[in-house]
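Number of protein chains: 2
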Amino acid sequence: MTTIKEIAQRAGVSIGTVSNVINGTAAVSDRRRERVQAAIQELDYHPNQVARSLKIRRTGMVGMIISDITNPFFPQLVRGAEDALLKQQNLLITFNTDDRLERERHIFSVLRAHRVDGVLVVVAPGDSQAVHIQDARKAGLPIVCLDRVPPGLEIDIVSVDNVGGTRQCIEHLLAQGHREIAIITGPVALETARERLQGYSEALGQAGIPVRKEWIREGDFRADSGYRLGKELLSTPTRPTALFVSNNTMTLGVLRALEECGVRCPEEIALAMFDDLPLTDSFHPHLTAVAQPAYAIGYRGAELLLERIEKKSEGQPPLKIQLPTELKIRESSTGYLRRSG
Amino acid sequence: MTTIKEIAQRAGVSIGTVSNVINGTAAVSDRRRERVQAAIQELDYHPNQVARSLKIRRTGMVGMIISDITNPFFPQLVRGAEDALLKQQNLLITFNTDDRLERERHIFSVLRAHRVDGVLVVVAPGDSQAVHIQDARKAGLPIVCLDRVPPGLEIDIVSVDNVGGTRQCIEHLLAQGHREIAIITGPVALETARERLQGYSEALGQAGIPVRKEWIREGDFRADSGYRLGKELLSTPTRPTALFVSNNTMTLGVLRALEECGVRCPEEIALAMFDDLPLTDSFHPHLTAVAQPAYAIGYRGAELLLERIEKKSEGQPPLKIQLPTELKIRESSTGYLRRSG
DNA sequence: CTGAAAGCGCTAACAG
DNA sequence: CTGTTAGCGCTTTCAG
Numbered sequence: 000m001t002t003i004k005e006i007a008q009r010a011g012v013s014i015g016t017v018s019n020v021i022n023g024t025a026a027v028s029d030r031r032r033e034r035v036q037a038a039i040q041e042l043d044y045h046p047n048q049v050a051r052s053l054k055i056r057r058t059g060m061v062g063m064i065i066s067d068i069t070n071p072f073f074p075q076l077v078r079g080a081e082d083a084l085l086k087q088q089n090l091l092i093t094f095n096t097d098d099r100l101e102r103e104r105h106i107f108s109v110l111r112a113h114r115v116d117g118v119l120v121v122v123a124p125g126d127s128q129a130v131h132i133q134d135a136r137k138a139g140l141p142i143v144c145l146d147r148v149p150p151g152l153e154i155d156i157v158s159v160d161n162v163g164g165t166r167q168c169i170e171h172l173l174a175q176g177h178r179e180i181a182i183i184t185g186p187v188a189l190e191t192a193r194e195r196l197q198g199y200s201e202a203l204g205q206a207g208i209p210v211r212k213e214w215i216r217e218g219d220f221r222a223d224s225g226y227r228l229g230k231e232l233l234s235t236p237t238r239p240t241a242l243f244v245s246n247n248t249m250t251l252g253v254l255r256a257l258e259e260c261g262v263r264c265p266e267e268i269a270l271a272m273f274d275d276l277p278l279t280d281s282f283h284p285h286l287t288a289v290a291q292p293a294y295a296i297g298y299r300g301a302e303l304l305l306e307r308i309e310k311k312s313e314g315q316p317p318l319k320i321q322l323p324t325e326l327k328i329r330e331s332s333t334g335y336l337r338r339s340g
Numbered sequence: 000m001t002t003i004k005e006i007a008q009r010a011g012v013s014i015g016t017v018s019n020v021i022n023g024t025a026a027v028s029d030r031r032r033e034r035v036q037a038a039i040q041e042l043d044y045h046p047n048q049v050a051r052s053l054k055i056r057r058t059g060m061v062g063m064i065i066s067d068i069t070n071p072f073f074p075q076l077v078r079g080a081e082d083a084l085l086k087q088q089n090l091l092i093t094f095n096t097d098d099r100l101e102r103e104r105h106i107f108s109v110l111r112a113h114r115v116d117g118v119l120v121v122v123a124p125g126d127s128q129a130v131h132i133q134d135a136r137k138a139g140l141p142i143v144c145l146d147r148v149p150p151g152l153e154i155d156i157v158s159v160d161n162v163g164g165t166r167q168c169i170e171h172l173l174a175q176g177h178r179e180i181a182i183i184t185g186p187v188a189l190e191t192a193r194e195r196l197q198g199y200s201e202a203l204g205q206a207g208i209p210v211r212k213e214w215i216r217e218g219d220f221r222a223d224s225g226y227r228l229g230k231e232l233l234s235t236p237t238r239p240t241a242l243f244v245s246n247n248t249m250t251l252g253v254l255r256a257l258e259e260c261g262v263r264c265p266e267e268i269a270l271a272m273f274d275d276l277p278l279t280d281s282f283h284p285h286l287t288a289v290a291q292p293a294y295a296i297g298y299r300g301a302e303l304l305l306e307r308i309e310k311k312s313e314g315q316p317p318l319k320i321q322l323p324t325e326l327k328i329r330e331s332s333t334g335y336l337r338r339s340g
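Chains as they are written, first to last, in numbering that gives the first Met the number 0: chain A, 0 to 340; chain B, 0 to 340.
Rather than coming from a laboratory, the hints here were simulated on the basis of the structure.
There could be a bad hint or two in this list.
Just a few of them, taken from the derived set where beta-carbon distance is under 8 Å, the chain B residues facing chain A [as the list claims (entries may be wrong)]:
| id | residue |
| --- | --- |
| 1 | Ala37 |
| 2 | Asp43 |
| 3 | Val49 |
| 4 | Ser52 |
| 5 | Val77 |
| 6 | Thr93 |
| 7 | Val109 |
| 8 | His113 |
| 9 | Arg227 |
| 10 | Leu251 |
| 11 | Leu254 |
| 12 | Phe282 |
| 13 | Ala290 |
Computed Cβ-Cβ distance ranges for the label pairs, DEER-style [stated by the list, open to error]:
| id | chain 1 | residue 1 | chain 2 | residue 2 | range |
| --- | --- | --- | --- | --- | --- |
| 14 | B | Ile55 | A | His105 | 18 to 28 Å |
| 15 | A | Arg193 | B | Gly15 | 45 to 55 Å |
| 16 | A | Lys4 | B | Thr2 | 19 to 29 Å |
| 17 | A | Gly15 | B | His105 | 46 to 56 Å |
All C-beta atoms in this analysis are idealised placements derived from N, C-alpha and C, irrespective of residue type, glycine included.
Let the sequences and hints guide you as you build the complete structure.
Next up, the structure:
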């Protein structure tokens, strides 16, 4: 591995001068600069960032902690963050926790050891203390939360209006004539899940429709729970005419349940979900969805993190950025055939 | 940020001793070890990996270059790699190139500057020289290619049997009675795409069916090209009865084309594709697919890379690992209604 | 404009 | 077992 010293020797200058041409930190005579650049080319030199990082106390690396890249919501989020970060030559180190707190803690530790400049995190559910996050902030590590708010933590967060988005969607279902609307929620340990449930309740309440307990089922945001709870709901004596599912993967499980039970969507039951699915335009049923701007969340979050890192926003109070959702009305919620009689 | 020195002071030992308890590099008396561990806890100390990396010339970071995390094939690949890497405490730095060679080159440069221990790369199409890869290897950087073989490069690669997988799929189509089978290929600059085309030709040849030029269309592995070429094929005077699409995203485009043209799948045209889609069990049509073990490719590739990094396999010739594909027969290729007469 | 030199935080001899 | 010390490759004063 060639070093700055070898470049200096080959170019016949001091290492300070080489450093100056690389970083543009001070003026260098044309003759010397050219010699240095030539040497860099010839020796295929790549300045050692780890040495540089050690010296300047900045690594140019950002950590990103998500639950599972395999969940279709996250790739967009990651891509948004990466695109924002890359503009400033930052690297993104991603990690999956599968929503396990232990992994999240461990990853924080690893990330801190590697001295990332900041971290973007979609927090795992179930931690009301978030000591590892507190500790990291105390140590001066900039952190921006995405999508989910950690309970009882004053921290930068970019998310969406879960309550409003859900309410709007339920209102759409009501406008379609549905009165018997069930919901599969996420884990209520997550504020995100509670907010969506709240949007559901608000919309029903405003329409003067009582909330029925047996039509509220708590899932865990994974496909399997959607499948299981979908089956349960379908076997209720009085089946709901519409079902709102609190995220996309659970909806996939619900679709399997529908198929197995021989219940057709949208003809026999209307369906709508939180989170859009990138491929829904290509398959059937086309699913009505409260679309989150996942790419924008990642992008905006990364931008905010960069600001915090640059200390441009020194001492500013934590920002709560809420991006708008978009209700995408598709066939799954509009093709219901009203039961006659 | 607390340093090893502060820990040493607080514990009343030398920094060498602290280093020894952290890394287990030498025996330390119980009393001292406990004092050190206590200090580490109290000060929330995280050993500075960048300083460590500089010293030991190993960063514990691996780069991964893919074309687009947003393409459903890649999340699995990344996850497999991450899981394999994490077992040895390695970090994964991912990058998207959007298949642009310029970005790939740039990323290689960035990765080398950061002194990653190795890189996993799904090469971008169109580079017959791959100078940046050659240079990196010359400098001693272990590299393992995934999925796509860079032309004219002797290098470790883990991929699948594209020819055999495709042939098997076409044979299935033939067995269903189809004689008029079209194909949408990937960019022929990619060996992967050529191999799949080859599998198609071989299967037809073996069945004594001539290959018709107008039924071979070259796409670019993106949805839009599938849409466009799908439309073209549908408007051929003699429409094929079956269509093989060389990857999943293009198939999504084809499905849109079908819907717009009012051609129903599988009733009016059979469909099969290379690459499985994770969600196809939840939607219609359920798509017949040559499934690649994406997770396994990532996992195996990372394992191989780790071996190369450890130098356990010093001087061994490049490995070509081919993982098996699995033909998943679903309704899109079995529900065709033979034209009578 | 240029070179010399201190030191970022850690590991790995080495001497005791 | 323990402490001391020389760098790893770079940036950044500070003189000149």
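A quick look at each hint next to the structure:
The closest approach between the C-beta of Ala37 (chain B) and any C-beta of chain A is roughly 17 Å, which is over the 8 Å cut-off, so the hint fails. Interface restraint check: Asp43 (chain B) against chain A, minimum CB-CB distance 5 Å, threshold 8 Å, status holds. Satisfaction of the interface hint for Val49 (chain B) is found here, the shortest Cβ-Cβ separation to chain A being roughly 5 Å, below the 8 Å cut-off. Proximity of Ser52 (chain B) to chain A holds as hinted, the smallest CB-CB distance being about 5 Å (cut-off 8 Å).
Interface hint status for Val77 (chain B): upheld, as the beta-carbon distance to the closest one in chain A is roughly 6 Å, under 8 Å. Of the supplied interface hints, the one on Thr93 (chain B) holds, with its beta-carbon coming within about 6 Å of a beta-carbon of chain A, less than 8 Å. With its C-beta approaching chain A no nearer than about 7 Å, Val109 (chain B) sits inside the 8 Å limit, and its interface hint holds. Nearest Cβ of chain A to the Cβ of His113 (chain B): about 5 Å, under the 8 Å cut. The hint holds.
Because the smallest distance between the Cβ of Arg227 (chain B) and any Cβ of chain A comes to about 15 Å, over 8 Å, the interface hint for this residue is violated. Hint status for Leu251 (chain B): holds, given a least beta-carbon distance of 4 Å to chain A, under 8 Å. The interface hint given for Leu254 (chain B) is met, as the beta carbon of that residue sits about 4 Å from the closest beta carbon of chain A, less than 8 Å. The closest approach between the C-beta of Phe282 (chain B) and any C-beta of chain A is roughly 3 Å, which is under the 8 Å cut-off, so the hint is satisfied.
Because the closest C-beta pair between Ala290 (chain B) and chain A is about 15 Å apart, greater than 8 Å, the hint is violated. In this structure the hint that Ile55 (chain B) and His105 (chain A) lie 18 to 28 Å apart at CB holds, the actual value being about 22 Å. In this structure the supplied range 45 to 55 Å holds for Arg193 (chain A) paired with Gly15 (chain B), their Cβ-Cβ distance being about 52 Å. The given range of 19 to 29 Å is respected by Lys4 (chain A) and Thr2 (chain B), whose C-beta atoms sit roughly 26 Å from each other.
A hinted range of 46 to 56 Å is violated for the C-beta pair Gly15 (chain A) and His105 (chain B), which are about 27 Å apart.
Violated hints for the displayed structure, listed by number in ascending order: 1, 9, 13, 17.
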